[in-house]
Amino acid sequence: MASSKSHAPTPAAPAQAAQAAPAPSSVFRTLPTEGTVAVSHQPPHVGLQNTNNTCYMNSFIQGLYLTDAFIWRLFSFKLRLKDNPSKVDQEDFEFGTKLVDLLQRQVAKMSLTRHSNTDIWDILQSFPDVYRSGEQQDVTETIRFVFEKLGSFEQPLIREVFAGQLQENLQCKVCGHIKAKPETFTDLVLSVPTEDEVKRSGTIPTTQALLQDRLKFEELDADCLVNCERCQDKRQMGKWCEIVSPPSHLCICLNRFTFNVEKMDFTKEKTPVRVDGGVTIGPYEYALYHVIIHTGKDASSGHYYAVGRRSEPVASGDQGWYTMDDSQIKPAELGLLQGNPPEKLKDDNPYVLFYRCTNAPATPPLRIPKKMESYVKKEDAKRTE
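Following my numbering, the numbering of the sequence shown begins with 4 at its first residue and continues without gaps.
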């Protein structure tokens, strides 16, 4: 177990700054004018109907829709089948290819429908049975499932939008040798302290503080010895993490659900967290644009909704925040994100946060194939018959 002691390691200090800025796209392109229609990005304006406890999926789909860089790349993305694929690889490829088409249709509906809400029915029908069971699913697991089926960091859609690289470091206290373990991530999990810990400290944690805590240097306990490659013996170590390549869009999951051994069940930490409107990773600044909130007394029940805005400025200049609660869209009250919620909202807790790197290049204008426009018109017509 790591102690709470924290200081700069010697001789190498942990680097929290990235070594390279988020790279501009080199794979994707704006669709040609012929056969497509231009789409003007709008603030959150189309709700998603709840189809048998699908609020977790609705809140995530809204986040993807608000990520300009994702939906721009989506329409020219082709999933690639792995070399020498296994049966599982083939099945994943077929599912992922279908998911790309379904997400394109979903983005088209949300961009072009003349109704105030639409649905995700077709997407749900393609997912495993558990997603249609009527049981509430964890939104973080859903995010990872979707990212994985879209190729995760191995393919350019998720890699260019959400993937970054971090490095876990172990340093020998005797010789100073550092063993580095690189890891690519598409979401970053930050531990949330317990409510009792926050009360004792008297300080409400912030997103930036939790991020720094994830990266900080710690000395491992003296009885937790690790083999040093240079000393060729077990030594006491220090450890820290550094983000060596930042994602253009940072997906943060606040770890609020932990397994209670005594109760043999998951418990929910309702610890208030002040969600910073901006965080930094070294020289790079990130602006908040979407927050998924879990409301409920425990981990086994509850409801998801979101508050957010577009990831990049819209032509109308509307950068207001909106609450997206299934089919309902309304202006948001942001007091909940300040870490001091009123008593009636104590069970409403920020859970997943989406930030965009302000140093990343602006996303080109979006164009959607005309066949998608025709599809939306037909879907709209069905609702008026």
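Be careful, since some hints might not be right.
In the SDA-like style, the derived pairs of lysine to any residue whose C-alpha atoms are separated by at most 25 Å in a straight line are [what the hints assert, rightly or not]: (1) Lys152 - Asp86; (2) Lys349 - Arg277; (3) Lys85 - Ile126; (4) Lys202 - Gly280; (5) Lys373 - Leu82; (6) Lys152 - His118; (7) Lys184 - Lys242; (8) Lys271 - Thr261; (9) Lys380 - Trp124; (10) Lys333 - Phe98; (11) Lys242 - Asp226; (12) Lys347 - Glu198; (13) Lys101 - Arg162; (14) Lys85 - Glu198; (15) Lys101 - Asp132; (16) Lys385 - His118; (17) Lys90 - Ile126; (18) Lys271 - His118; (19) Lys90 - Glu144.
Pair by pair, the computed Cβ-Cβ distance ranges are [as the list claims (entries may be wrong)]: (20) Lys380 - Gln52: 18 to 26 Å; (21) Pro334 - Asp226: 21 to 29 Å; (22) Thr361 - Leu218: 16 to 24 Å; (23) Thr36 - Gln211: 40 to 48 Å; (24) Gln215 - Glu186: 17 to 25 Å; (25) Asp301 - Arg233: 45 to 53 Å; (26) Thr197 - Asp224: 29 to 37 Å.
Since the hints were derived computationally from the structure, they do not count as laboratory data.
Note that the structure is a prediction, hence the values are computed from the model and not measured.
Glycine included, C-beta positions come from ideal geometry on N, C-alpha and C.
Quick rundown of the hints versus the structure:
For the hint linking lysine 152 to aspartate 86, the alpha-carbon distance of about 16 Å falls within 25 Å, and the restraint holds. A threshold of 25 Å between alpha carbons decides the hint, and for lysine 349 with arginine 277 the separation of about 13 Å falls inside it, so the pair holds. The hinted pair formed by lysine 85 and isoleucine 126 meets the criterion: a straight-line CA distance of about 24 Å does not exceed 25 Å. For the hint pairing lysine 202 with glycine 280, the CA-to-CA distance comes to about 23 Å; that is within 25 Å, so the pair holds.
Using a Cα cut-off of 25 Å, the hinted pair lysine 373 and leucine 82 holds, with the two alpha carbons roughly 22 Å apart. A C-alpha spacing of about 30 Å is found between lysine 152 and histidine 118, which places the hinted pair above 25 Å, so the restraint is violated. For the suggested pair lysine 184 and lysine 242, the alpha carbons sit about 11 Å apart, so the restraint of at most 25 Å is met. Taken as a hint, the lysine 271 and threonine 261 pair is honoured in the structure, with Cα atoms around 7 Å apart against an allowance of 25 Å.
Pair hint lysine 380 plus tryptophan 124 holds up; C-alpha atoms about 17 Å apart against a cutoff of 25 Å. At most 25 Å may separate the alpha-carbon atoms for a hinted pair to count; lysine 333 and phenylalanine 98 exceed this at roughly 34 Å. The hinted pair formed by lysine 242 and aspartate 226 meets the criterion: a straight-line CA distance of about 15 Å does not exceed 25 Å. A threshold of 25 Å between alpha carbons decides the hint, and for lysine 347 with glutamate 198 the separation of about 17 Å falls inside it, so the pair holds.
Of the pairs offered as hints, the one joining lysine 101 and arginine 162 holds, with about 19 Å between alpha carbons and a cut-off of 25 Å not exceeded. Among the hinted pairs, lysine 85 with glutamate 198 is inconsistent with the structure: their alpha-carbon atoms are about 46 Å apart, more than 25 Å. A C-alpha spacing of about 16 Å is found between lysine 101 and aspartate 132, which places the hinted pair at or below 25 Å, so the restraint holds. This hinted pair checks out: lysine 385 and histidine 118 have alpha carbons roughly 12 Å apart, not beyond 25 Å.
The straight-line distance between the Cα atoms of lysine 90 and isoleucine 126 is roughly 23 Å, inside the 25 Å bound, and the hint therefore holds. Only pairs whose Cα atoms come within 25 Å are accepted, and lysine 271 paired with histidine 118 is rejected, the gap being roughly 37 Å. Taking the CA atoms of lysine 90 and glutamate 144, the gap is near 23 Å; set against the 25 Å cutoff, the hint holds. Between lysine 380 and glutamine 52 the CB atoms are about 19 Å apart, so this pair conforms to the stated range of 18 to 26 Å.
Evaluation of the 21 to 29 Å hint for proline 334 and aspartate 226 yields a failure: the beta carbon distance comes to about 55 Å. Against the hinted window of 16 to 24 Å, the Cβ-Cβ separation of threonine 361 and leucine 218 comes to about 20 Å, which satisfies the hint. Hint check: threonine 36 to glutamine 211, Cβ distance near 43 Å, so the stated range 40 to 48 Å holds. Between glutamine 215 and glutamate 186 the CB atoms are about 18 Å apart, so this pair conforms to the stated range of 17 to 25 Å.
Judged by the Cβ atoms, the range 45 to 53 Å given for aspartate 301 and arginine 233 holds: they are separated by roughly 48 Å. Distance hint check: the CB atoms of threonine 197 and aspartate 224 are about 21 Å apart, inconsistent with the given range 29 to 37 Å.
In this structure, the earlier hints numbered 6, 10, 14, 18, 21 and 26 are contradicted, and the remaining ones agree with it.
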